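Enquirer: Residue numbers (the numbering used here), protein chains in the order written: chain A, 53 to 409; chain B, 10 to 336; chain C, 137 to 612.
Think of the hints as simulated: they come from the structure by calculation, not from any bench.
A short list of chain C residues far from chain B (calculated; beta carbon distances all over 10 Å): (1) M262; (2) P288; (3) K304; (4) P314; (5) I372; (6) L390; (7) L533; (8) R586.
20 Å max Cα-Cα, derived SDA-like pairs, lysine to any residue: (9) A/K294 to A/L282; (10) C/K453 to B/V156; (11) B/K118 to A/V400; (12) C/K310 to C/Y508; (13) A/K191 to B/R324; (14) C/K306 to C/E282; (15) B/K118 to A/E395; (16) C/K306 to C/E286; (17) A/K294 to A/T269; (18) A/K294 to A/A280; (19) B/K118 to A/R64; (20) B/K118 to B/E207; (21) C/K310 to C/E286; (22) C/K605 to A/P220; (23) C/K507 to C/P314; (24) C/K399 to C/V604; (25) C/K453 to B/T168; (26) A/K191 to B/V310; (27) C/K304 to A/S232; (28) C/K548 to B/D88; (29) C/K567 to C/L555; (30) A/K270 to A/D283; (31) C/K208 to C/G239; (32) C/K377 to C/W578; (33) A/K191 to B/L329; (34) C/K377 to C/S575; (35) A/K267 to A/I290; (36) C/K310 to C/L285; (37) C/K306 to A/R244; (38) C/K453 to B/S39; (39) B/K118 to A/L403; (40) C/K306 to A/R159.
These figures come from a predicted structure and were not determined experimentally. Quick reminder that beta carbons are idealized off the backbone N, C-alpha and C, glycines included.
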Amino acid sequence: MSLRIGALHAARRLSEASLALAVGLAISSILILAYGYDPAKALYWLFYGGFGTQTVFLDSLAYATPLMLTGAAFAVCASAGMFNIGVEGQAYMGAVGGVVFGGLLVRYLQVPGPLGVLVALAGSATLGALWAVGPALLKVLRGIHEVISSIMFNWMAFYMAMYLVRGPIVNPARPEMSISVEPSARFSVIFRGSVLTEAIYFAVLASVLTYLVLKLTKLGFEIRLVGAGLDVARYAGISTKKAMVSAYLLSGALAGLGGGLIVTGRPPVWSIYGTLGNITNVGFDGIGVSLIAANNPVAVVFSSVLIGGLWNGSRFMEPYARVSSELSRAVIGLIVIALSTPEVLRLVRRLVMRWKT
Amino acid sequence: MRSFVKLLIAPAAFAAVLVALAAAGLSPVSLMEAALLAMTPLALAAAGEALNQKGGISNIGIDGIFLITATVAVLGAEDFGNGYAGMLVGAALGGFLGLIHGFLSTYAKANQIVAGIGLNIFSYGFVPYFLMAAWGFPGIRVPPKEVLVPLRVVPITGTSFRLSEFSVLAVVFAVVLHFILYRTPLGLRIRACGESPEAVDVAGVGVFRLRIALSTLGGAMAGLGGAFMSLAWFGGVVKEISAGRGFIALACVVASGLEPLLSLGFAFIFGFSEALAYAVAITPGIKELVPYHLVLSTPYVVTLAIVAVFIGRRRFPRSLGQPYVKD
Amino acid sequence: MSSKPISPTILAVAITAIVVAAVTATVVYVAVPPAPAATVTTTVLRTVVHTVTVAPAPTPTPTPTPPKAKFKIAVVSDIGGRGDLSFNDMAFKGADEAAIDFGVEVVEFISKTELDYIPNLRTAAMDPDIKLIVGVGFLLSEALVEVALEFPNKFFAGIDTYSQEIVKSKHPDKYPLPNLLDIKYEEHKGSALVGALGCLLAVHYNYPHIGAVLGIEIPVLWKFEIGYKWGCNWAIEWFKKNFPAEYEAKSRVLGNILTVDPKSRVLWVYTGTFSDITKGYLAAKEMYAKNAVAVYNIAGPLGLGINQAVEEIVRPKGLTVGPPFWIGVDANQDWINPGFIVASMMKRVDKGVYYATYLVLVGKFEEVVRKYKGVLLLGIGTEVEGVPMEGISVSTLADLDEFIEMGVTAEKILGKPVLPMPPTEIRRRVKEMRDSVPSWIWAAVAELERLIREGKAQVPLPLTEDDVKYWRGVLG
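Assemble the whole structure, with the sequences as input and the hints as a guide.
Expert: Below, the structure written as C-alpha cells:
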C-alpha cells in the first residue's frame, strides 16, 4: 500500500470515528435531556474534565495507559479474525503476575531499579498468555467460539484472582489488598500532582511494536492472512491453527501487560485491591478502544486517550452536572455500535454532504 | 432406540446426584427451586437466540438486553402497577433492541459481533445512568412488593415447592420453537435462511425480513428473561444484575448446536450448578477444604466443560454471522 | 424449497412486535418524569434534619457563625456511592445535615473504581472553596495520605480508614499528620449484640442456625463476622446460666440451636461483592433453606437480596411477622420490610462526618487530631474530649422514625413509592414484631450492651489474618 493511499485510508477512518463519536454524543444528549438534565452542561464537564486543563489531561493519559495495551491485545486477535473478549480475564491474571513477580520475585532476587519493572512485566505477560491458552486451544481443537469460552475464562479469572489476592498473595499487614510490587519494580510519577507515570512510554512503545510485528514479521503476515479468511491462508500453505494460537497468546500477553501496568504504574497502592476494583473493566474498555481504532495498534494509542479522557472527565459530571458518570460508558458503547455499521455512517455522511450543498 | 436410551441416562444420573446431595444434607427441594429460577432467563433467551442463529444472525448482545430490560421492566411494572405488565414491557423493549440488531445486521450490513459488543458496553453505562435518572438512587432499585411477579406454591407431598409460571413458559417455548423449527414450512425457511440465504432469496422469501423477525423474537425472549430476573426472581434490580448470564445463555445455545430443546437442558444444568455452588459454599466445614471463591466459579467451569464436551459434532449454519449481500 | 412468499403469519408477528416495541418505547419515554435537578437524597435530608439527634458538640460551644466566604465540604464515596441504604448513604446523611446546620455546601464525588480515588480527592482539594474532604471507606486510606500530604491547607477525614498508621510507617516525622483524621467504629461490639439477639431467637423459636451474608473479605468485615459469632456464643452461655431448666428442655428439642455443634451455629459466606444483590439472595436462600432464623446483612445493598429470600418464604404463608428474620446494617433498615427485620446494627457514619465538619468550622480540627493521634474511635461507651460520643447501637423504635421520615420526603419528591407501606403502618408492624419477641431476649441484649459499656465483656477485635484464623478456630 502506498503512503498516499494509506493516508487517505487513515483520514477516512478518522472521519468515520469522529462521525461515530458525534452519533454517540448526540444519542447520549437525548438520553440526558430525556431525564431533565442539561446535556450542554454535562458534555462541557465531560470534556473539560478530560481535556480541559493540563492536570486533568495528564490524569486522562494515566487512565489511557493500560487501555493502550488491552486495546492492542484485542487488535492482535482481531487481525486474525478472532474476538478476544478474554482480555479482561487475561488482564486480571496479568496484574496477579505483576504482583507475584514484581513483589515476591524482585524482593527475593533483590532486582535493582529499572530491571525490576521488566521482571514484574515479564510475570504479567506470562500469566496473561497462560490464561489465553485455554480459549485458544478450545478454539483450534474443539472449534468453540472464542467469545463464549473467554467469557467463562473471565469469570474464572475473576474468582481465581480474588482467591489469590485474598489468600496466597495477600498483604499480611493490609489484608484488604495483595502485596505491593517492590519500589524497584514501579514506574515513577512523571509530574507531581498527577497519577501519570512513565508506564505510558512503555504502553506507547508496546503498541507501536505490536503494529510493527503485525506489519513486518512473518508471524504478523500469517496472522493477517488468517484474518483475511481461512481458505486464503490454507492455500498459502500456512498452518492456520498455529497462527491462531500465536495470535491468541500474543494477545493474552499484551492484555496481561495491561493489567501489569496498573500494579506497576499507578499510585498509590501498587497492588490489587481485594475487590479487584482497580483492575476490573480495563479489558472491556480496551475492547471498545480497539474497535474504535479499527483494530490498528497505533490508532489504539489515540483512541485510548479519547476513552481515557471520557473516563477521567466523567468524574466531573457527577458533582458539577449531576449526571451519573457511568453514562460515559454508554457513550463508548454507542460509538462502537455506530462504527460496526460503516454503511449507516456512510449514509449519514452522504446526507450531511447533501444538506451542506 | 439408542437415542431413547441416551435420553433416559441424563434424568437417571440427575436423580442419582439429587439423592447423593440429599444424603450430604443439602435440601433437594430448595436446590431444585433455585435451579429452576436460575434456569428460566437462560432458557428463554437461549431458545430465542437458537432460532435467531438458525436464521443466520448471531446476537452476542444478549447480556446487554438482559440488563436493560431487567431495569426498564421495573419502571414499567411500577408505572402500570402490575408485574405482568412489567414483564411485557421487558419483552417489548427486548424485541425492540433485537429489531435494531436485526436491522443493523441485515440492511446496514453491520459486523454482528461488533454491534453486539457495542450493545453490551452501552448497557453497562446506560443501566447505572437510568437507575439514577429514573429513581434518583444509583445502582439499585427495589420496587414495592405489589408490582412484583409472585411465585406460585405447588404442593408436593408434604412440602411446598415454589415455582414461577414463567419457568413453565420457558419450557413450553422451547418445545414450541423446536416444533416450529422442524415440523413446519416456516421452520424449513428459517433453517434455509441460515444455510443458503441466496436460495431462499431466489425462492422469493425476504431474507432480511425473516432475519429481522427472528432477531426481534430472540430479543423479545431475552427481554422476557431480563424482566424475569428483576421482577420475579430477585425482586429488584442492581446495575450488574445479569452477572454475565447473557453469555451463559449464548454458551447454552452454542453447546446445543442451536437446538431450542437441548439448550433448555443446558440452561437447567447451569442453573443447578449455580444453586449448588451457593449451597456448598455456606455449608459449615467446607471452607477449610475448598476456598469458597473457587466454589463460586463452578457454574462457569461447568458451562465451559459442557460446551467443550458437546460441541464436537455440532454443525452450524453456513452463513451464520455473515451479512447477506444481495447481488 | 417452496417458492411461496414469506408467510403472512410471520409478517404479522414481526409487524406487531415492531409496533408494540415502538409504542412501548414511546410510553416509557413519556411516562418517566424529568428528575429533579438536585439528587433526591440531598433534598430529602435537608428537611429531616430537625428530627436528627445531632452528635453532641463537646461542651457548651457557641454555634459557629456562618462563614462569609463560600464553604464547601466534599464527600468522596467508595465504589457504589449513594443508594446502598447503608454505609455510603449514612456518610451523605451526615454531610447533608452539616450542610443545613452550618450552612455549608456539599459536593459529592462518586468513585467508579479504585483508580478514581486519588483523582477525585485531588479534584476536590483543588477547588478553592472546599475546605474539608471526607473519604468514605477503608480502601481510600492510601489515597487520603497521598493527597493530604500534598494539600496541607485542606482538611481530610476518612471513615474506617487507617491513614495515620500509614503516615506513621511511611513518614514517621510527620506523624500524626495534622490535617488528617481517621474515624473508626467498634463494629465488633454492635455485631456481638445482634449475634446474641439472633442466637436467642434461634433458641426461642427452635431453629438450628443463624446466618451472615458478608461482602468482600476486608478487615473491617472481620470485626462484624467475629463479633457476631462471639455474641452468639455469649448468648447461649447467658441462657444456660440464667435459665438452666429451660436450657435443659430446649437442648432436647430436635433442631434447636442448642443441639447443634457450637462451631456450626453460624452459617456465613463472603459473597465477594458489595453491590450484586443477586449474590445476597442466593446465599440467603440457602441459609434459610438450612433453617437459619435470622441472617445478618453485612454487605450493604445485598440486604435487599436477603429480603427477597425472606419474602419468598413468608409471602406464600401469609406471615406478617418473622421468623424468619434478617438483621440490618449501618443504617436503620427495619423499615425496608417491617416485621421481618428484627433489628439493625447501626453504625453512625453520619455522626462522624458531621462532627468532622463541626471541628473544621470551630477551628479545632488540628487540636483534636493532635490529642487523639489522628484517630477518632466511635463505638459503645466511647468519649471525645470528655463528652460521650457513641457511634454503634442496635436500632430502636425511636431511630425508626428518623429513617421513615427520610422515605416520606423522598416519596414527595419522586412521586414514586419508596416506603413499602404508610409510615404509621410501618411503625405498627415493627412494634408488633418487637413485642412478639420475648422480653427476656431484649433484656439479654441490653445486659450485654451494659457489660460491654462497663468493660466487663470483652468482644474480640480481630485485626490480623492470624487473629481471624484463631477466632474461626474457636468459634467456627
